[in-house]
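Given the coordinates of chain A, work out where chain B should sit on it, guided by the hints.
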Amino acid sequence: MVKIQLENVCYTYGPGTPFAKTALKSVNLSIEAGRITGIIGHTGSGKSTLVRMFNGLLAPDSGRVLLDGADINADKKALSSVRCRVGLVMQYPEYQLFDETVEKDIAFGPRNMGLPPEEIAARVREAAGFTGLGEEILSKSPFDLSGGQKRRVAIAGILAMKPEVLVLDEPAAGLDPKGRREILGGLLRYRDTTGAAVVIVSHNMEDMASYADRIVVLRKAEIAFEGAPAEVFARRRELEENGLDVPDAVRIADKLRERGVPVPEEICTVEEEAVYLSRLLALQK
Amino acid sequence: MLKDVTLGQFFPGTSFLHRVDPRTKVLLSLCYIVALFCVKSALGMLLCALTLVSFHAASRIPLRTVANGIKPILFILIFTFFINLFWTRGETLLLSWKFIRIYREGVVNALMMAVRILLLVTGSSIFLTYTTSPIMLTDALEQLLSPLKKIKVPVHDFSMMMTIALRFIPTLIEETDRIMDAQRARGASFSTGGLIKRAKALIPILIPLFVCAFKRADDLAVAMECRCYRGGEGRTRMTVLRFSFADYLLMLSGAALIAAVILLNRVPLGISL
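First to last, the sequence lines map onto chains A and B. So the first sequence is residues 1 to 285, counted in the numbering used here. So the second sequence is residues 1 to 273, counted in the numbering used here.
These are calculated hints, taken from the structure and not from any lab test. Treat the numbers as computed from the prediction; the structure is a model and nothing was measured. Every residue gets a Cβ at the ideal spot worked out from N, C-alpha and C, and that includes glycine. Any given hint could be a false lead.
[As the list claims (entries may be wrong)] Just some of the chain A residues that point at chain B, by a computed CB distance under 7 Å:
hint, residue
1, 57
2, 80
3, 83
4, 84
5, 96
6, 98
7, 108
8, 112
9, 113
10, 115
Chain A on its own, in the form it takes in the complex (with noise of 0.2 Å):
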């Protein structure tokens, strides 16, 4: 089911001005509930700005977006009840905490669509249960955690909300391995309960390979095209004329072909290349 539809989405910063950019050129995208929809591009393509547009940040110069087709920006005084439908997790979002606990940081949303304190409670321990945040965490101050920490209470304080749709710029950039799986683990998760529709931006090739189900690669403002990953990363030549990798298991594959090693093109992460190999090995045994 379609949840958010991009109809010829256009916008430039600083029209008339020396310094004006365009960012986005009739934009088309459409993004399912259940589904996680992964953007890859390359610094400056437009990404951040496509992702304000889910949750009417910025609002198109033309064109039209719509959430369970109706138009967000037709009705300015109904935005704020769009921000609590699409969820924004921005870029670093550790640097927005600014309450004296946690568990009071978390609630900032929830609050804020006027919930009752009941209702308020239960949804803080929910989401914390979705990011991994103990109970012993929610009473400290999020001035006193680590970065990885301060990282899950932030998407803690989305997924309180609620949202229909979730969308996550950079999420896991700058963690460790073990955060990165726990983080984007827990997103599946919240998913998996909610039917949510999931947008995830990502430079990691690897999370998106093992993550998205649907890849959209924007170039210079525009989609260049998208597809499921394994069909993207089939592309790698145009991939990598964009200025963006394939996953190490896609780069794997392609010497392993080359070498007469009939590794199938549906292949694009390193536990299904593992599992692939190891029974072409005992076959041959």
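Below, chain B alone, put in the same frame as chain A:
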């Protein structure tokens, strides 16, 4: 958005005025300001205006940008105009209606004052802020004020502080925009409710902003120490400023402007004050 502030903004370019030694530009704008305040005749004002127009041509700054820079002072401009118009007493009464009396001197005074402010603001932005990068400007000030080091004024430290402050204004503006967006995404609203509610709504912006600013300051201090920064003592410069022939010529023309204005004050041309 906060980014739309244009007054006091630097416009990168390679025009003649951009390339002039920043110290010359500081001195030249000082001369220009002094001249503006000495002007007592319309002819002198015209001379100042002509100077401005010719330097504007040499700066290649779009006229529209300059015009946009006037917007913030428009209120002051109109305010001073009317204050001078109504409150100047003179000999020739032009208009008298109820308690309002407008004298010929008042009209002249009001016009002169308005033009003076207009020329002052546009002039100093063309001479200095539009065409000189903030770094160059503080560099120039440091060197021009360096004689004060003799009486133990920490000129270098002040100029370094100013450089850093100027350098981080855009960064902090960007940071504020980002934090506001992040809190808006969490359902915060900054433009509804009464005064107290609005003031309270600023807390989720100010605390992260301060935390970031302190962290940045800390990082910067460490980065500077790592590169052996020890204050101004014995520090050499990457770009050494040297006056050229054109610079002396410009400074001379600045002095000439003041002299010409004072001379023109003595020319009786009917409309002098």
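For each hint, the structure was consulted:
no.	hint	verdict
1	57	holds, 5 Å
2	80	holds, 6 Å
3	83	holds, 6 Å
4	84	holds, 5 Å
5	96	holds, 4 Å
6	98	holds, 4 Å
7	108	holds, 6 Å
8	112	holds, 3 Å
9	113	holds, 6 Å
10	115	violated, 10 Å
Consistency with the previously given hints fails for number 10 only.
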